[in-house]
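Undergrad: In case you want the letters, here they are:
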Amino acid sequence: MALFYAFIAIIRRDLLLAVRRRSEIANPLLFFILVITLFPLGIGAQPHLLQAIAPGIIWVSALLAAMLSLDSLFRSDFDDGSLEQILLSPYPASILVLAKIIAHWLVTGLPLLIVAPLLAVFLGMPTQSLGVLLLTLLLGTPVLSLIGAIGVALTVGLRRGGMILSLLVLPLYVPVLIFAGNAVEMAGSGLPVDAQINILISILCLSLVLAPWPTAAALKMSVN
Amino acid sequence: MHNNLASRLQGSDLSCVRDDRILFEELCFELNSGQVLLLEGENGSGKTSLLRILCGFREPDAGQVLWCGHAINDSQYYDDMAYVGHLDGVKKELTVLENLKVSLALGQRGQYSIAQALLKVQLADFEDALVQSLSAGQKRRLSLARLLITHNTLWILDEPFTSLDKQGISLIESLMTEHCKNGGMIILTSHHDIALPSVDVQRILLS
Numbered sequence: 001m002a003l004f005y006a007f008i009a010i011i012r013r014d015l016l017l018a019v020r021r022r023s024e025i026a027n028p029l030l031f032f033i034l035v036i037t038l039f040p041l042g043i044g045a046q047p048h049l050l051q052a053i054a055p056g057i058i059w060v061s062a063l064l065a066a067m068l069s070l071d072s073l074f075r076s077d078f079d080d081g082s083l084e085q086i087l088l089s090p091y092p093a094s095i096l097v098l099a100k101i102i103a104h105w106l107v108t109g110l111p112l113l114i115v116a117p118l119l120a121v122f123l124g125m126p127t128q129s130l131g132v133l134l135l136t137l138l139l140g141t142p143v144l145s146l147i148g149a150i151g152v153a154l155t156v157g158l159r160r161g162g163m164i165l166s167l168l169v170l171p172l173y174v175p176v177l178i179f180a181g182n183a184v185e186m187a188g189s190g191l192p193v194d195a196q197i198n199i200l201i202s203i204l205c206l207s208l209v210l211a212p213w214p215t216a217a218a219l220k221m222s223v224n
Numbered sequence: 001m002h003n004n005l006a007s008r009l010q011g012s013d014l015s016c017v018r019d020d021r022i023l024f025e026e027l028c029f030e031l032n033s034g035q036v037l038l039l040e041g042e043n044g045s046g047k048t049s050l051l052r053i054l055c056g057f058r059e060p061d062a063g064q065v066l067w068c069g070h071a072i073n074d075s076q077y078y079d080d081m082a083y084v085g086h087l088d089g090v091k092k093e094l095t096v097l098e099n100l101k102v103s104l105a106l107g108q109r110g111q112y113s114i115a116q117a118l119l120k121v122q123l124a125d126f127e128d129a130l131v132q133s134l135s136a137g138q139k140r141r142l143s144l145a146r147l148l149i150t151h152n153t154l155w156i157l158d159e160p161f162t163s164l165d166k167q168g169i170s171l172i173e174s175l176m177t178e179h180c181k182n183g184g185m186i187i188l189t190s191h192h193d194i195a196l197p198s199v200d201v202q203r204i205l206l207s
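Protein chains in written order, with the working numbering: chain A, 1 to 224; chain B, 1 to 207.
Treat the hints with caution; some may be incorrect.
[Unchecked claim] For lysine-lysine, the following BS3-like pairs were computed, each having C-alpha atoms within a straight-line distance of at most 25 Å:
#, chain 1, residue 1, chain 2, residue 2
1, B, K181, B, K166
2, B, K101, A, K220
3, B, K101, B, K120
4, B, K92, B, K120
5, A, K220, B, K92
6, B, K166, B, K120
Because the hints were derived from the structure by calculation, they are not lab data.
Pulled out of the complex, with its shape left as it was, chain A reads as follows (with noise of 0.2 Å):
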């Protein structure tokens, strides 16, 4: 039960701050939609061409936000010590750690599947496949969030992480990314996706039971 508290306490603590420091939720959404409204700038009057690489352009900048907004996931903690105090506690490190991812997800993966359907429709994306647009980025985004965690717990100690943090996450985004973007290309047609989902689901409950322990483990290295 006292467990419960400081899981709560975690996800409450890092929601406050995303209040009071809003550029930390707004700016990987910002980024989301600027690169999505760019896309019918730069390819020009052919919707055809747009509607076909929508749900690929959907993805990759969901993917991309979530890159950029990776770093802030423990780089506060880290700078001022509340990491070390977070590891000290006697409950076990991997859950407090997947509070904070927890968090971070609400943070910066919830607004994205908010304004996707808008985007999508922006695009020419067909209706059929609006709802599963969504459900992939609602099973995917945590994944994203989940992995990345990794990443990030083993650079924060590095003054200059952010390339090595693209390079570790990036393939081990590679599988969501291609289910997902193949489902709703799918959905398109009005073809069955059981199956892409099905992996989807089963990728989120692996990352949300095998990520946080190698995060524990990484940021007790980062930390040393």
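We have chain A; now place chain B onto it with these hints.
TA: This is chain B only, laid out in the frame that chain A set:
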């Protein structure tokens, strides 16, 4: 209240090597309830490294740290210890109260309530102030207030007197004396002379 008269921290044959330089080796000590261990030495002599080994952040290059006879990773150690390091470990965008509530949730309820602890460290009027508006000394007091609100036997303090004024220093000294009287134990590094007349103070000189 504390019921930890049997608590004991032992370091046996500890050594620490950093960049091929031996900071210390075969260091042994034993700390019992009610005692203070003061680490002295020049800058770079390994005081902070030793504290971080005792916190479990760093593995010692040889030897081990035992809490009540068990290795620190297999014991109740983290239930019983608290650390205040160079970094205050408080979020500057949160208020004093919000910070302490998080600390309380991360540990177990201790001897004092948040209000009592703030009164003790003379921050009672700053409950709702954002930490970024506090002075360096007040931040230090806030991070020391964390020791009072959570349950702990062992305090590990890295330069606790930094940026505190004279009054603050004597305040912390009285809190430390009280903690030891209640059966607690303290390990600290300090460049200031500390005045703990009624407490059993051991000293280790690292060089």
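Undergrad: Taking the hints in turn, state whether each one holds.
TA: Here's how the hints hold up against the structure:
{"no.": "1", "hint": "K181/B x K166/B", "verdict": "23 Å, holds"}
{"no.": "2", "hint": "K101/B x K220/A", "verdict": "24 Å, holds"}
{"no.": "3", "hint": "K101/B x K120/B", "verdict": "17 Å, holds"}
{"no.": "4", "hint": "K92/B x K120/B", "verdict": "21 Å, holds"}
{"no.": "5", "hint": "K220/A x K92/B", "verdict": "23 Å, holds"}
{"no.": "6", "hint": "K166/B x K120/B", "verdict": "16 Å, holds"}
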